[in-house]
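Engineer: Order-wise, the sequence lines are chains A and B. Per numbering that gives the first Met the number 0, the first sequence starts with residue 0, numbered consecutively. Per numbering that gives the first Met the number 0, the second sequence starts with residue 0, numbered consecutively.
Hints in this document: simulated from the structure, not taken from any laboratory. Heads up, some of the hints might be wrong.
[Stated by the list, open to error] Dumping the calculated DSSO-like pairs for lysine-lysine here, alpha-carbon to alpha-carbon at most 30 Å:
(1) Lys212/A <-> Lys72/B
(2) Lys63/A <-> Lys138/B
(3) Lys12/B <-> Lys212/A
(4) Lys212/A <-> Lys15/B
(5) Lys189/B <-> Lys161/B
(6) Lys242/A <-> Lys135/B
(7) Lys138/B <-> Lys175/A
(8) Lys212/A <-> Lys138/B
(9) Lys175/A <-> Lys135/B
(10) Lys216/B <-> Lys212/A
(11) Lys212/A <-> Lys58/B
(12) Lys138/B <-> Lys67/A
(13) Lys116/B <-> Lys242/A
(14) Lys135/B <-> Lys212/A
(15) Lys242/A <-> Lys120/B
(16) Lys242/A <-> Lys138/B
(17) Lys178/A <-> Lys138/B
(18) Lys76/B <-> Lys212/A
[As the list claims (entries may be wrong)] Restraint ranges, calculated between C-beta atoms of paired labels, are given here:
(19) Glu154/A <-> Ser182/B: 36 to 46 Å
(20) Lys178/A <-> Ala170/B: 19 to 29 Å
(21) Glu255/B <-> Lys175/A: 41 to 51 Å
(22) Leu20/B <-> Ser14/A: 54 to 64 Å
(23) Tyr201/B <-> Ser14/A: 43 to 53 Å
(24) Arg137/B <-> Gln8/A: 19 to 29 Å
(25) Lys247/B <-> Lys197/A: 47 to 57 Å
(26) Ser47/B <-> Lys242/A: 45 to 55 Å
Cβ coordinates follow ideal geometry from the N, Cα and C atoms, glycine included.
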Amino acid sequence: MFKDITIGQYYPANSPIHDLDPRTKIVYTFVYIIVLFFANNIAGYAIALLFLALLIYLSNIPLKFVFKSVKAIIIIILITVILNVFVTPGYILFKIGPLKVTDAGLINAAFMAVRLIMLIIGTSIMTLTTSPISLTDGMEYCMRRIPGMRAYAHELAMMMTIALRFIPTLMEEADKIMKAQKARGADFETGGIFKKAKSVVPILVPLFIGSFKRADELAMAMEARCYRGGEGRTRLNELTYQKGDTVAYIVTAVMTAMIIASRFLLLLNIPMK
Amino acid sequence: MQKAIQVKNLCYKYQKDEEELTAIYDMSFDVYEGEFLAIIGHNGSGKSTLAKLLNGIIKPSSGDVLVYEMNTKDEDKIWDIRQKAGIVFQNPDNQIVATIVEEDVAFGPENLGVEQKEIRKRVDEALETVKMSQYKDRKPHQLSGGQKQRIAIAGILAMQPKCIIFDEATAMLDPSGRDEVLSCIRHLNKENKTTILYITHYMEEIVDADRIIVLNKGEIAMQGTPKEIFSQVEPLQQLQLDVPNITKLAYMLKKEGINIPDGVLTVDEMVGCICR
Ligand SMILES: Nc1ncnc2c1ncn2[C@@H]1O[C@H](COP(=O)(O)OP(=O)(O)OP(=O)(O)O)[C@@H](O)[C@H]1O
Ligand SMILES: [Mg+2]
Numbered sequence: 000m001f002k003d004i005t006i007g008q009y010y011p012a013n014s015p016i017h018d019l020d021p022r023t024k025i026v027y028t029f030v031y032i033i034v035l036f037f038a039n040n041i042a043g044y045a046i047a048l049l050f051l052a053l054l055i056y057l058s059n060i061p062l063k064f065v066f067k068s069v070k071a072i073i074i075i076i077l078i079t080v081i082l083n084v085f086v087t088p089g090y091i092l093f094k095i096g097p098l099k100v101t102d103a104g105l106i107n108a109a110f111m112a113v114r115l116i117m118l119i120i121g122t123s124i125m126t127l128t129t130s131p132i133s134l135t136d137g138m139e140y141c142m143r144r145i146p147g148m149r150a151y152a153h154e155l156a157m158m159m160t161i162a163l164r165f166i167p168t169l170m171e172e173a174d175k176i177m178k179a180q181k182a183r184g185a186d187f188e189t190g191g192i193f194k195k196a197k198s199v200v201p202i203l204v205p206l207f208i209g210s211f212k213r214a215d216e217l218a219m220a221m222e223a224r225c226y227r228g229g230e231g232r233t234r235l236n237e238l239t240y241q242k243g244d245t246v247a248y249i250v251t252a253v254m255t256a257m258i259i260a261s262r263f264l265l266l267l268n269i270p271m272k
Numbered sequence: 000m001q002k003a004i005q006v007k008n009l010c011y012k013y014q015k016d017e018e019e020l021t022a023i024y025d026m027s028f029d030v031y032e033g034e035f036l037a038i039i040g041h042n043g044s045g046k047s048t049l050a051k052l053l054n055g056i057i058k059p060s061s062g063d064v065l066v067y068e069m070n071t072k073d074e075d076k077i078w079d080i081r082q083k084a085g086i087v088f089q090n091p092d093n094q095i096v097a098t099i100v101e102e103d104v105a106f107g108p109e110n111l112g113v114e115q116k117e118i119r120k121r122v123d124e125a126l127e128t129v130k131m132s133q134y135k136d137r138k139p140h141q142l143s144g145g146q147k148q149r150i151a152i153a154g155i156l157a158m159q160p161k162c163i164i165f166d167e168a169t170a171m172l173d174p175s176g177r178d179e180v181l182s183c184i185r186h187l188n189k190e191n192k193t194t195i196l197y198i199t200h201y202m203e204e205i206v207d208a209d210r211i212i213v214l215n216k217g218e219i220a221m222q223g224t225p226k227e228i229f230s231q232v233e234p235l236q237q238l239q240l241d242v243p244n245i246t247k248l249a250y251m252l253k254k255e256g257i258n259i260p261d262g263v264l265t266v267d268e269m270v271g272c273i274c275r
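So that you can see chain B by itself, here it is in the shape it has in the complex:
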């Protein structure tokens, strides 16, 4: 499989006054093309720092980040890198630039100098993909949180990236907004084959991810499939992380002596195990 992003011995230090704070410590991993990679970790474990490093908003203190073979340290390639790997941030309000929805979606391609007709096409397609076409003439502040976040996604899609990084993109949304955004992201991954790097605190959202990386204090603590990760309830709890509710239920039932396998991820699976 082709590698979309390669992270090699990555270190990042924040300079705070005289003190140095190491946020990322000697990290290496690859992101494969077309996969849904989830990243979890408790507060301050370096997830946002990593996201910003991946598309060159901040530069590694040492080590390298390669996006489609382009190094983020290479200033000539930085715009290509950002076009290939877009980021959607947490607060939808603070990433919408224009006063009209469709003009905001056009912001990225406008910056890339895309021709007017092509921008029109991309904007319409992007809004169609996130199912927001009928809102294209609205003002952003008249939209709900979930709708705003879908506009932010459309804004990234219009740049036609190969890979999209979501930094807690659902954290500020209510449950229905979260569902809207998440199903939109899954659709991108399945239908458009967009590589997704999904940072979150909600374990339920990532039970069907292809792979999960668990961060702790700037290092990779665990990685594997959701089943592998979530079957390790106790190690996760030591990292101050939860498991999906249904997994937790299965874990507690098992402790009570009921015969249930580790790493049950969905209700259906649970039903299957119990009604055997």
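Chain A with its partners taken away, still in its complex shape:
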């Protein structure tokens, strides 16, 4: 039952976005998040939305999967919207008891909701199109560039890799333990949430003890294979930029420039609000 679980939300497909270097995608996502906060009028949002739509279209991922991530944070969006509607001062449209609804509040709330949704979709395109392994690689390369983080980049990536490597193994083991407990009459299906939670304990304890033994043996095997940290280590598969990455970086720059420029449309006396 656990054998074929997928980790993260990677959606394997063939697309130019899937083929991009993970570093490119990380940088793009990072820039996109920052630039979204620069957008302060409809023009800015329209530009951001346009680029997002282009990204979704190119990524070949069904919209259903893209919007799944929005569902997960719908509560946060609602809370943000409600807070914004009621607490922003401005021209009072109507009152519900002590709460005042203002025009500025409505506009703010709408912008806020759109920004959050675009933010979450923008980032999930990255995780949908990049396998956890190459995401880890990309993170390691990017972190190396940050001063002071260099020393941790390799360790963090190694930790992630080992975690990814052992999740299926531990899942299999949990499955085995569960079957063994069931054979001895353990009941995992019935009962309330507390009873169910309690029945998990006999699975977790052996799993936990077992993983310490695994960690010990793995450490020994790694040492026997001359592992001594990231210093002086080479790689079989170094990340290399392709032509598509150059294009992606240019697109990122264009998007950034356009959104920043959109802030000044007001100064040119083009009414946007």
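Given the coordinates of chain A, work out where chain B with the ligands should sit on it, guided by the hints.
Structural biologist: Structure of chain B with the ligands alone, referenced to chain A:
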């Protein structure tokens, strides 16, 4: 013959709380280049401890281990030693590090700082040697036990060691997995002239070894060729060790008064003796 590993008056004590447990007691032997040396002994006789001592994962309490003239106590040489003498452990799951087969095979050479092109070459060669080339893009957890263990061997081969130590590498495998791994190891010994130090509980696996060392309570109890060792059925039984089934059969037939020589190791030999 050149000596690959020299063990001189080796002692090892485990420190457990206040107690000391002597796992290896004043042991001396040599491993010659290119030989297939088997080590047997009952549970707790110190086989795994010895394996870990041989490539410097643990250091002798007293005495010395020399791998190609390099002492495992010498911290500057430790990476050279581990590159020259690789270890394959019992549980295949707990020695595979990466999430993709070929990246795991590359782990050793990556640690040694080998150049990228050379790593590629070594990985392809190592996978070819263990006949796992078509699985190079697989995830380790999608492989069978025998396949995983062959990947672990490829991972060691990619470091281009002179000597490989196998610590019960077939213990967790089913019979077909065991055959796969064993024939791969024999191939390494015969074709690549790799020195093999093979620790096992399965006597059938080592009837064609060059030499067998029998351990008992941290000491060498017997050593000799398979024929010499397995002809001593009763002393082995006293050490809680078995002999290959066919040897046992010959031994029992002989006790019944049938004229059969000691230390029959294979079915062919048995047939030869009976049909004389
Ligand atoms: N980490 C440890 N701490 C304390 N004592 C240990 C430790 N590891 C092993 N020993 C003890 O050292 C002795 C030798 O153990 P070792 O694992 O080398 O035996 P072995 O021959 O490999 O046994 P097996 O056939 O079960 O693998 C045993 O008595 C064991 O209890
Ligand atoms: Mg052992």
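Engineer: The structure should be examined with respect to each hint, and the outcome stated for every one.
Structural biologist: Against the structure, the hints:
1. Lys212/A <-> Lys72/B: holds (26 Å)
2. Lys63/A <-> Lys138/B: holds (28 Å)
3. Lys12/B <-> Lys212/A: Since the Cα atoms of Lys12/B and Lys212/A sit roughly 21 Å apart, the hinted pair holds (cutoff 30 Å).
4. Lys212/A <-> Lys15/B: Holds, at roughly 17 Å.
5. Lys189/B <-> Lys161/B: holds (13 Å)
6. Lys242/A <-> Lys135/B: Holds, at roughly 27 Å.
7. Lys138/B <-> Lys175/A: holds (20 Å)
8. Lys212/A <-> Lys138/B: holds (22 Å)
9. Lys175/A <-> Lys135/B: With Cα atoms ~27 Å apart, Lys175/A and Lys135/B stay inside 30 Å; holds.
10. Lys216/B <-> Lys212/A: It holds: about 24 Å lies between the C-alpha atoms, which stays within 30 Å.
11. Lys212/A <-> Lys58/B: holds (21 Å)
12. Lys138/B <-> Lys67/A: holds (27 Å)
13. Lys116/B <-> Lys242/A: Holds - the C-alpha atoms of Lys242/A and Lys116/B are around 22 Å apart, at most 30 Å.
14. Lys135/B <-> Lys212/A: holds (28 Å)
15. Lys242/A <-> Lys120/B: holds (26 Å)
16. Lys242/A <-> Lys138/B: Distance ~29 Å between Lys242/A and Lys138/B Cα, so the pair holds.
17. Lys178/A <-> Lys138/B: Answer holds: Lys178/A to Lys138/B is near 25 Å, not above 30 Å.
18. Lys76/B <-> Lys212/A: holds (28 Å)
19. Glu154/A <-> Ser182/B: 36 to 46 Å: About 39 Å separates the Cβ atoms of Glu154/A and Ser182/B, which means 36 to 46 Å holds.
20. Lys178/A <-> Ala170/B: 19 to 29 Å: Distance hint for Lys178/A, Ala170/B holds at roughly 23 Å.
21. Glu255/B <-> Lys175/A: 41 to 51 Å: With a Cβ separation near 46 Å, Glu255/B and Lys175/A satisfy 41 to 51 Å, so the hint holds.
22. Leu20/B <-> Ser14/A: 54 to 64 Å: Given a distance of about 60 Å, which is inside 54 to 64 Å, the answer is holds.
23. Tyr201/B <-> Ser14/A: 43 to 53 Å: holds (51 Å)
24. Arg137/B <-> Gln8/A: 19 to 29 Å: For Arg137/B and Gln8/A the Cβ distance comes to about 22 Å; the hint holds.
25. Lys247/B <-> Lys197/A: 47 to 57 Å: holds (51 Å)
26. Ser47/B <-> Lys242/A: 45 to 55 Å: holds (53 Å)
Consistency with the previously given hints is maintained throughout, with no hint failing.
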